[in-house]
Amino acid sequence: MFVSERMSKDLVTAGPDMTIFEAKKLMTERDIRHLPVVDAAGKLLGIVTDRDIRDAMPSTLVKKVDYDLTLAKITNYPIGDIMTRNPLTIYAYYTIQDSLLMMQKKKVGALPVIDQEGYLKGILSTSDLLKAFVNIMNIDEPGCLLCIIVKEKQGQMKKIVDIITEEKISLGSVLVARVWDKEKRAIFPYLLTNNVINVKKKLLDAGFELIDPMKWYLDQLPQKLKK
Amino acid sequence: MKRTGLVYDERYLLHVTGGYHPESPARLEAIYKRLEESGLLAQLTRIEVAKANQRWIEAVHTIRYIMKFDEACISGINEFEHPDNAICRDTYEIAFLAVGGVLKAIDAVMKGEVDNAFCAIRPPGHHAEVDKPMGFCYFNNVAIGARYLQKEYGIERVGIIDFDVHHGNGTQHIFDRDSTVLYYSIHEHPSFAYPGTGREFEMGIGEGDGYTINSPVLPGRGDDEYKRLMMQDLVPAFKKFNPEFILLSAGFDAHESDMMSGTNLSTGGYDFISEVIVNLANRCTGGRVVSVLEGGYNLDVLPLLVENHIKFLADLK
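Each protein sequence line maps, in turn, to chains A and B.
So in our numbering, spot 197 of the first sequence is number 455, and the numbers just go up one at a time.
So in our numbering, spot 33 of the second sequence is number 34, and the numbers just go up one at a time.
Everything labelled a hint here was simulated from the structure, so no lab data went into it.
All of these numbers come straight from a predicted model, not from anything done at the bench.
We treat Cβ as the ideally placed atom computed from N, Cα and C, and that holds for glycine.
Some hints here could point you the wrong way.
As the list claims (entries may be wrong) - DSS-like mimics (lysine-lysine), calculated; alpha carbons at most 30 Å apart, straight line: (1) 52/B to 133/B; (2) 426/A to 133/B; (3) 241/B to 318/B; (4) 364/A to 389/A; (5) 241/B to 152/B; (6) 416/A to 442/A; (7) 301/A to 364/A; (8) 282/A to 321/A; (9) 241/B to 312/B; (10) 473/A to 411/A; (11) 459/A to 34/B; (12) 52/B to 3/B; (13) 458/A to 228/B; (14) 228/B to 473/A; (15) 133/B to 459/A; (16) 282/A to 331/A; (17) 267/A to 364/A; (18) 426/A to 69/B; (19) 34/B to 318/B; (20) 458/A to 411/A; (21) 411/A to 460/A; (22) 458/A to 34/B; (23) 458/A to 133/B; (24) 389/A to 133/B; (25) 442/A to 411/A; (26) 458/A to 440/A.
Unchecked claim - To list a few chain A residues with every Cβ distance to chain B over 12 Å, as calculated: (27) 260; (28) 274; (29) 280; (30) 290; (31) 299; (32) 309; (33) 312; (34) 316; (35) 335; (36) 361; (37) 387; (38) 394; (39) 413; (40) 416.
Working from the sequences, and respecting the hints, build out all of it.
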């Protein structure tokens, strides 16, 4: 999974001379929270977020007359004055995993994607990542979730996948999680079928422990709270 | 006692899904055998089945889809668009008979020949979309029934209650912009169970906003949760909507012994569902209900659950 497949390429950008007023209007109209600022050639100069704009606004607590006066002064300033210069950027060949970790660590809501020369190629926002996550988990396709408890030893996943394959069931995704027992793992295959009876029987016959996925969650809960 | 009609036809067994498929002819055989042996059958009014006129199926499905289904069956392949949807050469004909069974049951109720009816039919229908088979379903029997009630009998408000353990995505999507059909479904939570729709926030679209109600049940919750959700979500909404006719998508796969699901509903929990629905019907529709079989795959309990359900309809329980 690469950034190139997931970034938004339908870009809304602004030049550094755009006024705060225009930028605010543009972001509301296009329903975006991050506005990349580029020069005439398309090189990335900075980024303006809806928070930068809000920070620049006068306080709503001041008197209406003063508010309007200040607002009139402020909104004609160029966004070049409030943008974050040299923002955190990524390249299109970065992986989604890189971006996830970066956004989590640096606490940013979007990452502009540039090429080696610094030209803006796209932007990757949390909503793009959410879309990617839904897609990776395949949860927008009909299916059901199993929870299989396995011993932590080699070859368990193969056995499970073999059984699912034998049943000619397509696998939407597989998640692996820790369980209360350190020697064991919980495997959550998302099966793209309504027909789970036979595959459940085969898994049981093969000696796997099937539990209700909710039970896993509830058993995890107290341990999470303890921490 | 009420006069309760029964739709059943041996030809429903001709939709053969292969020995390994849970939606098997043995389901109906087991139900019929139980009704016969328990003596309940003798107390029911048998409703003769006829093939539905295609124009009623076209009231819900596209002609293109109907033709594609016909071609798939004729060609002799054994699945239709997804391995879940097992078919044989006869499936197309039998699907017409299944719809026809529901329409005949509606006729019998509307003409006053019976008070209500249960349709022991297959293939089931509530997953079938306008132009797509899904989850063992080809034609959406109940949705077609609702359109038939409106167009043939001028019924304005139809209430559909779907208690199959899976969400009836097809039925919901067919009526999600429609304020004349109130669709209520209680089912295992879509994050765990097929088909992954039926979340609480799916409440209808546009004019139909508010006319779709979903009660997802987390796995393992069972009877108490069903009772709580039905009293909280179903009953007030139906009283307010005040339907003139109620159709049921009756699935018995939420039972604790059915491996298709994890909702853990008991036999008594199913009795509660039937009782609430019959009470609602007595209050809103003058008792007019047509109940249509959807899922239910444990052959050891399915017949008992159906028998109990029919007993509530017939006022014998």
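Against the 30 Å threshold, does the CA-CA distance of residue 411/A and residue 460/A hold or violate the hint? It holds: about 20 Å lies between the C-alpha atoms, which stays within 30 Å.
Would you say residue 416/A is clear of chain B, with no C-beta pair closer than or equal to 12 Å? At about 22 Å from chain B, residue 416/A clears the 12 Å cut-off, so the statement holds.
Residue 394/A clear of chain B by more than 12 Å, beta carbon to beta carbon? holds, 15 Å
Pair hint residue 459/A and residue 34/B, alpha-carbon separation not exceeding 30 Å: holds, 26 Å
Verify that the Cβ of residue 280/A lies farther than 12 Å from every Cβ atom of chain B, and report whether the claim holds or is violated. Holds: least Cβ distance 34 Å, greater than 12 Å.
Could you grab the alpha-carbon distance between residue 458/A and residue 133/B and see if it respects the 30 Å cut-off? The given pair, whose Cα atoms are some 26 Å apart, holds under the 30 Å limit.
Assess, step by step, whether the Cα of residue 416/A is no farther than 30 Å from the Cα of residue 442/A, and give holds or violated. holds, 16 Å
Is residue 458/A within 30 Å of residue 440/A, Cα to Cα? Cα-Cα ~24 Å, so holds.
Does residue 442/A pair with residue 411/A here, judged by a C-alpha cut-off of 30 Å? holds, 9 Å
Per the stated criterion, does the least C-beta distance between residue 290/A and chain B lie above 12 Å, as a non-interface residue requires? holds, 24 Å
Is residue 52/B within 30 Å of residue 133/B, Cα to Cα? holds, 21 Å
Is it true that the CA of residue 364/A sits at most 30 Å from the CA of residue 389/A? Holds, at roughly 21 Å.
The structure is consistent with each of the numbered hints, conforming to all of them.
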